[in-house]
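Those sequence lines, one after another, are chains G and V. Heads up, the first sequence is in my numbering, so the first residue is 1 and it goes up one at a time. Heads up, the second sequence is in my numbering, so the first residue is 1001 and it goes up one at a time.
FYI, nobody ran anything at the bench for these hints, they're computed from the structure. Check each hint, because a few of them may be wrong.
If you want the footprint, here are the derived chain G segments under chain V, 3+ residues with CB under 8 Å [stated by the list, open to error]: (1) 29-39; (2) 83-92; (3) 102-108; (4) 112-120.
Cβ-Cβ distance ranges computed for the label pairs, FRET-style [what the hints assert, rightly or not]: (5) V/His1193 - G/Gly80: 42 to 50 Å; (6) V/His1283 - G/Val118: 54 to 62 Å; (7) V/Val1365 - G/Ser34: 22 to 30 Å; (8) G/Glu76 - V/Phe1359: 22 to 30 Å; (9) V/Glu1108 - G/Val118: 33 to 41 Å; (10) V/His1283 - G/Gly40: 39 to 47 Å; (11) G/Arg31 - V/Val1365: 49 to 57 Å; (12) V/Gly1351 - G/Gln36: 52 to 60 Å; (13) V/Ala1388 - G/Glu76: 23 to 31 Å; (14) V/Val1305 - G/Ser34: 17 to 25 Å; (15) G/Tyr41 - V/Ser1171: 52 to 60 Å.
Examples of chain V residues toward chain G, derived with CB under 8 Å [unchecked claim]: (16) Asp1058; (17) Gly1152; (18) Tyr1240.
On a predicted model such as this, the values are computed, not experimentally measured, just so you know. C-beta: ideal position from N, C-alpha, C; glycine also.
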Amino acid sequence: MSLKSLSARLPLVLGLALLAAPARAVPQFPREISNQLQLGYDPPCSVCHFENKTSSVTVTTPFGYALRDRGLTGRESLPGALTKLADDHADSDGDGVADTVELQNGTDPNSRANASLVDVADPNVGCSTAWPIRGAATPLALLLAASGAAIMLTRRARRIPR
Amino acid sequence: MSSLRLLLVPRFCLALLFALITLSFAGHAHAYAWMIRHDYSRCATCHLDPSGAGLLTDYGRDQSDEVLRMRYGSPSSETSSTSGFLWGLLKEPSGLTLGGQFRPMFMELKVGSAPFASDTVPLMQTELQGELDVGHFRANLSLGIAPTDGSGASIAGRFISREHWVGYGISDDRFLLRVGRINLPFGVRSIEHTLWVRRATRTDLNDTQQHGVALAFDGSGIRAEVMAIAGNYQIRPDAYRERGYSLSAEYAAAPRLGLGVSSLAAHAARDLLLKTSNTRQAHGVFARYAPWEPLVLLGEGDVLVQHTPGSPTLVGLASMLQADVEPIQGLHFMLTGETYTPGKQAQSYGGWLGSAWFFAPHADVRLDFMRRSEIFGPMRLPVTAAIAQLHVYL
């Protein structure tokens, strides 16, 4: 396969590959928070992770910082940090309701708007989430496929002798 | 097959393999607003994006080699053969521009009274980007790996695409019309994506790009871009997608002085952070000034407006002032002060002390020490971070 045809077909192949479904991280912390505070639901990752991005470096929401301030460094330190948080009546969003009470009420301890954590799920991410129909074309896939097709057509047109 | 092609194909495959291996060990765009010290008030001189960041033009690559990196005594007017893609190992076919970034990070973070906690993020930034120019048409795509799950740039798990757009250049490319996922035009386009001015306005280069239509203008002495935001179509449900506009314009009042304004308004039925309906606005000014070549001052101030139904409208402020000092070519020291007042709460403030050493062509190491005093509800927490990064631009 020539370099030209490879570069022309690459966007098309990538466009098709990007129709795959998104991977999701396995939730562990939410269940432990739920069990300890007897919530009856698993709080969304975005309670601790900024913009729902999950890794140890994104525990930067007000509630996440409040837990870190109380010793959260990993899973084993979570129960102690939660206990301390409850004992301190920490109120990360300053709305007058303690964080642990907010979680028990099903509201977001980071939001003064008292957004519900029970009815509102974190967003799904990934290309296959773009349309309601799973696996349907996405803007990125369409752009790639359109670019590939345009380039191939342009080159084919150039080869036709006048 | 011609002898030239026989030569090029194996080199292309080898270079691609090398790039993939490098990237597999190690993403977001880089933008150095302090390049104004070299009289570069325009971004499009060195970047394919008229508002800056991301892929470098051939000229940008040459300038990176001549005026960005440490020269160790060799004349800066001699461009090294290593300035090209993959340090010159591969010459892209005509019309195709390639680039990539690799940035591992090590961080020590201390929150409040807790001890320091270490984090190593080997894939802090891992990205390949390419642009194809055919006549007036342009197609740009970035693909990379995110260090976290849940990135708004995700296309599948941690596999991300921050930018992908098609564009059409008008009037000798003084205007560029783009459709796709694009960096929001707003404020100082800075690599420090956690600065409050970037984070509070959600206009960083990390993963806050949105899908939409943008029109950029790059004229003599003025550059501007306005974007109609259709939402981030890599998150779902639709309620989380913001609709609105973002714009930025900068006037080069002097060769080393840029004065700019920015404005943004966006509404989401369910805000990503507040999880409730929210209309947010940010309006601000920014400036870049090099009074003396080794010193560049960057400043930005943004008024933030947040309106959620049933709550009073909150008006806040985010600001930043940075001094970048380059005592010898390739070695930078940065001193940054910043403030953030989200609304009725007291002011958070912080300071950064950083250094960057561009020790080789398209390679630098960066060290930052950050200290912030942040307000969370009634709490004021000290947050201290020490960050070390290696950065390689392919």
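A quick look at each hint next to the structure:
| no. | hint | result |
| --- | --- | --- |
| 1 | 29-39 | violated (count 0) |
| 2 | 83-92 | holds (count 3) |
| 3 | 102-108 | violated (count 1) |
| 4 | 112-120 | holds (count 6) |
| 5 | V/His1193 - G/Gly80: 42 to 50 Å | violated (32 Å) |
| 6 | V/His1283 - G/Val118: 54 to 62 Å | violated (36 Å) |
| 7 | V/Val1365 - G/Ser34: 22 to 30 Å | violated (43 Å) |
| 8 | G/Glu76 - V/Phe1359: 22 to 30 Å | violated (40 Å) |
| 9 | V/Glu1108 - G/Val118: 33 to 41 Å | holds (37 Å) |
| 10 | V/His1283 - G/Gly40: 39 to 47 Å | holds (43 Å) |
| 11 | G/Arg31 - V/Val1365: 49 to 57 Å | violated (40 Å) |
| 12 | V/Gly1351 - G/Gln36: 52 to 60 Å | violated (37 Å) |
| 13 | V/Ala1388 - G/Glu76: 23 to 31 Å | holds (27 Å) |
| 14 | V/Val1305 - G/Ser34: 17 to 25 Å | violated (36 Å) |
| 15 | G/Tyr41 - V/Ser1171: 52 to 60 Å | holds (57 Å) |
| 16 | Asp1058 | violated (18 Å) |
| 17 | Gly1152 | holds (6 Å) |
| 18 | Tyr1240 | holds (4 Å) |
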